[in-house]
Amino acid sequence: MQEKDQYRTDARNAGDRLVAGHVSEDPFAAAFKATRMPMIVTDPNQSDNPIIFCNEAFRRLTGYRDDEIIGRNCRFLQGPETDKATIAKIREGIAAGHDVAVDILNYRKDGTTFWNAVFISPVRDEAGTIIYFFASQLDFTTVKSREADLAAARHEAEAEVAKNTANLKAALEARTLLVHEVDHRVKNNLLTMASIVKMQVRITADYRQRQTLMSVLNRIEALSTVQRKLFTLDDVSKFDVSEFTKELVTDLVDATGRNDIRLSLDLSPLLVPAVKATPLSLIVNELVGDAVRRGLMDGGGDIHVLVKRLNGHFLIRVEDTSEPVEPDIESTELGRMLIEASALQLGAEIERKQDGRKTVVDVVLLVGDHQENTH
Amino acid sequence: MKVMIVEDEMLLAMELEAEVEMAGHQVTGIAMSSSQALKQINASKPDFAFVDIHLMDGPTGIDVGRELAAAGIPYIFVSGNIKRIPEGFAGALGAIEKPYTMNGMKNALTYICAIVEGDESGSPPASLVLAEDAHVAKRFG
Chain A
2 MQEKDQYRTD ARNAGDRLVA GHVSEDPFAA AFKATRMPMI VTDPNQSDNP
52 IIFCNEAFRR LTGYRDDEII GRNCRFLQGP ETDKATIAKI REGIAAGHDV
102 AVDILNYRKD GTTFWNAVFI SPVRDEAGTI IYFFASQLDF TTVKSREADL
152 AAARHEAEAE VAKNTANLKA ALEARTLLVH EVDHRVKNNL LTMASIVKMQ
202 VRITADYRQR QTLMSVLNRI EALSTVQRKL FTLDDVSKFD VSEFTKELVT
252 DLVDATGRND IRLSLDLSPL LVPAVKATPL SLIVNELVGD AVRRGLMDGG
302 GDIHVLVKRL NGHFLIRVED TSEPVEPDIE STELGRMLIE ASALQLGAEI
352 ERKQDGRKTV VDVVLLVGDH QENTH
Chain B
0 MKVMIVEDEM LLAMELEAEV EMAGHQVTGI AMSSSQALKQ INASKPDFAF
50 VDIHLMDGPT GIDVGRELAA AGIPYIFVSG NIKRIPEGFA GALGAIEKPY
100 TMNGMKNALT YICAIVEGDE SGSPPASLVL AEDAHVAKRF G
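Protein chains in written order, with our numbering: chain A, 2 to 376; chain B, 0 to 140.
Rather than coming from a laboratory, the hints here were simulated on the basis of the structure. Treat the hints with care, since some could be wrong.
SDA-like mimics (lysine to any residue), calculated; alpha carbons at most 25 Å apart, straight line [stated by the list, open to error]:
id, chain 1, residue 1, chain 2, residue 2
1, B, Lys-105, A, Glu-248
2, A, Lys-110, A, Gly-129
3, B, Lys-105, A, His-305
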């Protein structure tokens, strides 16, 4: 106890000497005393490197009186929750004579804790010997608790996101299942409708009636081909007119069983919004069907189908050369009505030119990019 | 040729039967489930089969296909979703996608009949997706 008191007196004397080295109007000393930043000076040349000077801000921060501070090593601010590794870091820095900057949990006189951003720096004399350590403190407890609040909020948000993601996944699975189911039903229903018409054809004796039924079947099957080609692209909102045209025309020409029909195709990929698939496909079906009925079916000939972009618009051209025959009036009339309705719906322009045995029909779909992208 | 039809929608099956018969072939039977199909494969020894993937007992058409392939009987899938056919097509020649058209089915039947009889000179119709093409599409697509 005696020994300890002696240390305190030594420390106090050292502090007094430090202050005495500065005249009272020394602005550095005045600044040290008056600054709002808690600061201390320790003397490493005394046993256990005691604090020899502290400012008012340090006393306010820690709650200790001056006589409870001077002569003690800084470790009296540590407590049970103080991180051991951080303490070791300070000790090593001081032993090596380095600057140390650490965040440490410290305890006030009343036992409450605060987060302290400590900066410790050695002060050397002209010979380079360490004569003091200077330490500044910064209470960043509010920052620390804000960090904790933020972390808690982030965990909460992450949990919420995880929950929402799971819900969305489940909803997506349900939707995918529903889309498959609906697609399957539409396909089956189209095939069932076609089958019913075909059955009626088979049991109908009258040739004219059979022709009429086949005419209906042809249009149902055009829709079947559309349905098959929908949702096959990566972008399910788009429909490739060329893919459709290729299958429709080759199947139609193959099925005539005539090898004197020369088919040539010039098809570039032409993606349109899926909503335009049905009217566009009906137009292609009617134009090709018309060419077949007007002569190709009876006497063979040439048919050329072109699908491409033209000056930002879409062009579909059906060109046929054949010996003309009188087509079935009713089927021709139905074809005319379907083309007219579809063209109106699409805002398409249709131009038909006939030159002897050759017929050329151009369908121009006027599309701005904005239209192309609408669904 | 003797054709087996594996399809659980009876109306579609009967209509297909009529088309096969009109093309000059015999239908050995219609199977609505995989168990019916397996019985018929052994009993009637068809030359060829149409196989729907979704049957009365679930998506068992694939198993029926593997059974046909093991018995050395050529067949094609008839399905509304050919994307779901496993890689390698389970030994099938190819697939026709529903809803097929009368012309599409007729052209496919003509081509298949030639293949089954050993004539490989014809070119496949647009309505028939060949197994090797589907392979290539999967690999490069």
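Right, here's what the structure says about each hint:
no.: 1; hint: B/Lys-105 to A/Glu-248; in the structure: holds, 14 Å
no.: 2; hint: A/Lys-110 to A/Gly-129; in the structure: violated, 36 Å
no.: 3; hint: B/Lys-105 to A/His-305; in the structure: holds, 23 Å
In this structure, the one hint that does not hold is number 2.
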